[in-house]
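Going down the list, the sequences are from chains D and S. Sequence positions in the first sequence follow the numbering used here and run 1 to 284. Sequence positions in the second sequence follow the numbering used here and run 1 to 327.
Fair warning: there could be bad hints in the mix.
Below 20 Å or equal to it, Euclidean Cα-Cα: the simulated PhoX-like pairs (lysine-lysine) are [to be verified]: (1) Lys-320(S) - Lys-246(S); (2) Lys-246(S) - Lys-111(D); (3) Lys-111(D) - Lys-320(S); (4) Lys-111(D) - Lys-202(D); (5) Lys-103(S) - Lys-111(D); (6) Lys-183(D) - Lys-30(S); (7) Lys-195(D) - Lys-183(D); (8) Lys-42(S) - Lys-30(S); (9) Lys-42(S) - Lys-183(D); (10) Lys-133(S) - Lys-246(S); (11) Lys-42(S) - Lys-111(D).
If you're looking for bench data, these hints aren't it; they were derived computationally from the structure.
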Amino acid sequence: MALIKKRLNRSLPVSLMLFLFLALFGAFMALPLVYAVNNAFKPLDELFIFPPRFFVRNPTFDNFFDLVAVMGDSWVPLSRYFFNTIVITLFGTVGHIILASMAAYPLAKYKFPGSSAIFRVVVLSLMFSPHVTAIPNYMVMSRLGWIDTHLSLIVPAMAFPLGLFLMKQFMEQLPDAMLEAAKIDGASEYRIFWKIVMPNVKPAWLTLLILQFPVLWGTNGGDFVYSEELKTLNYALQQIILGGIARAGVGAAVALILMVVPITLFIISQSNVIQTMSSSGMKD
Amino acid sequence: MQAEQMEQPIESTVYPKKEVKGNNPNKRSKMNRFKSELKRGKHYYILMAPYMIIFSLFTVVPVIVSLFLSFFSFNMLELPQFVGWGNYSRLFLSDDVFMIALKNTLVFAVITGPLSYLACFIFAWIINELSPKIRAFMTVIFYAPSIAGNVFFIWLIIFSGDAYGYLNGFLMRTGIILEPIQWLRDEQYVLGVVILVQLWLSLGTSFLAFIAGLQTIDHSLVEAGAVDGIKNRWQELWYITLPSMKPQLLFGAVLQITQSFAVADISIALAGFPSVNYAAHTVVTHLMDYGTIRFEMGYASAIATVLFGLMLGTNMLIQKLLRKVGT
C-alpha cells in the first residue's frame, strides 16, 4: 500500500474502512463543487436536460460569452462589479495583513502595561460573531459618513480578530536572538518590525490572506452599500440567479469565477497555511 | 570576559518581559516604574494603534453600546427612551417568534456544533494517515466548500420543491415517493436541510488547525507509547494524540461554537426570509428583522445581547470542560 504511511499501531482492515469512510464523505463534499464547475461549461440544452446529467458532454465557453453580453449592456456593466469586488478584497486583505502584523508583533514579543488585557479582549472577541455588533455598527458607520461607501466594508475587515490571534501565535515562535541582534545594531522597533519580523512571518501572511480573502471576495455588499454602481460581484450573481431560469448558464459562469479564485489561492498557499495553523492553539 | 559584561545591559533593554517580574515594595518607585514602562512601550502602542482603533470602533464600542441600548426604546429618529428591563421581558414573555427563533438556534447549535467539531477532527485525523500528496488533495476537497463563496446555491437545485429538483426526481424515479416534497417550504424538512448544508460548509479554520496540530505531534511520543503497551490506533488516539493536540482542540472549539450559533445566511438563502412559519428562523434572523426592517433598535439590541450571552457563555463553559479533559 503505497498510499498509506507505514506507522505503528495500524492494522490494514481498519485503515481501509477509515479510508472508505473518508472517500464517501469526500464525495459528499466535492460533488456539489464538481457539479458547479461542470454547469459552467454546459451548453443550454444540457443545462436543462432532464433527468440532469452530472458531467458536461460538449463543453463550451458560451456561458462566459453570454455573461459578458448580458451584463455589458445592462445599466451597470459587469466590469464594474468585478472592479468593486477587486478593490474591496485587495485593500481589505492587504490592510488587514499589515495592521494585524503591526499589532501582533508587540503582543507576541514584549510585555508592557495593558498587553495581556488587550490580547484577552481579542480572544474574547473570537467567542461571538459580528452579528452581535451589527446595530451599533450602523450608527458608527453613519456617524463616520461611511454608509454607501466601500470604506464600510474595507475598514472593519482590517481589524478581523482571528487574523491578529493567529499572527501573534505565529510570531511568538520567532527566535528572540534575532531581534536582539538587530537591537544591538541600533535598529529601531519599526525597522525591526519591517525588515526582520515581516519577512520571517510570510506563512502567516498567506494564512491571513486565505482567511480574509474569501470573506471579502464573496461579500454581497453588506447592509451599508446601496448604490448599484458600488455593489459587488456576488451581489450581481444573486441578481442573476433571481433572474430565473433564462440566466442559468450565466449564473453558473459567475459562480465558477467566484469559487475558483479562493480555492486556487488555497491550493497555492496550503503548506504555508498549515505551518501557521500548527501554532494556532490556545495555551491559556 | 567581555562578552559576559555585555550581557547584562542587553538583557535589560531587550527583554522587558523578564524585567517586569522584579518586585519593588516602594510605592513611589512603582509609579515611576509604571511610567517608565509606558514610555518604553511607546513604540509598541504606536504599532498597535491603527488596528486597535478600528477594532475598538467596530467591535468593543458596539458591544458596549448594544448592552446599553438594550435598556432603551430607540427607533433612530426620536431620542432613546429608557425602558428598563422592558425589552427583555417583552422578548421572553410575549414574543412567540423569538421563542421559535431561540429554539431553532439551540437546535442548530446542539446539532451542528458538536457534529461539525467531530467531523473536523475525524476527517483531519484520517487524512493525516495519508501520504503527503494525497493528504494535500483531500485537505483541499474538505476545506473548499467553506471558502467557495455562494456555491451553496447548488443545494437549492438539489432540494428544489418541484419534480425537477434532483432529490425529488431521484426519489420519484426510484419509487420511494410518489409526489415531490417541498423540501424548503415544508416545516418538517426545512430545518434539517439547513443543518445539512451548514455542516457541508463547516469544515473551515478549525479543520486546518487540527490537520496542522496532528502533523506536529512528536513521533517519539508514539514510539514511547508503543513500548508502554499501546496496541492500536484507538489507544494511541486517546492517550497520545488528543492530549498533545489540546491547544488546537480548544481553538477549534471556540470557532465551531461561535459559528454554530450564528446560522443565518444559509437559512435565508435556502429557506427564505422569513421562512415558512418561521421554521428556519434563528436568533440572528430575528435580530435582522428588528434591526434592519422594523428599526426597533433597542429591542434588536436586546436580541443581540441575548445572542452575545449565549455565544460567550457556551464558549466559556466548553473551554472550562475541555481544559479539564486529561488533566
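Evaluation of the provided hints:
Taking the CA atoms of Lys-320(S) and Lys-246(S), the gap is near 12 Å; set against the 20 Å cutoff, the hint holds. Proposed proximity of Lys-246(S) and Lys-111(D) is contradicted: the alpha carbons are some 25 Å apart, above 20 Å. For the given pair, Lys-111(D) sits about 26 Å from Lys-320(S) by alpha-carbon distance, which is inconsistent with the 20 Å threshold. Between the alpha carbons of Lys-111(D) and Lys-202(D) the distance comes to roughly 24 Å, so the proposed pair goes past 20 Å and is violated.
In summary, the hint linking Lys-103(S) to Lys-111(D) is not supported, as the alpha carbons are separated by about 44 Å, beyond the 20 Å threshold. A C-alpha spacing of about 27 Å is found between Lys-183(D) and Lys-30(S), which places the hinted pair above 20 Å, so the restraint is violated. A distance of roughly 12 Å separates the Cα atoms of Lys-195(D) and Lys-183(D); the hinted pair therefore holds under the 20 Å criterion. Straight-line distance between C-alpha atoms of Lys-42(S) and Lys-30(S) comes to about 18 Å, which keeps the hinted pair within the 20 Å bound.
Taken as a hint, the Lys-42(S) and Lys-183(D) pair is honoured in the structure, with Cα atoms around 16 Å apart against an allowance of 20 Å. At roughly 26 Å between alpha-carbon atoms, Lys-133(S) and Lys-246(S) are farther apart than 20 Å, so this suggested pair is violated. Restraint check: the Cα-Cα separation between Lys-42(S) and Lys-111(D) comes to about 12 Å, which is no more than 20 Å; the hinted pair holds.
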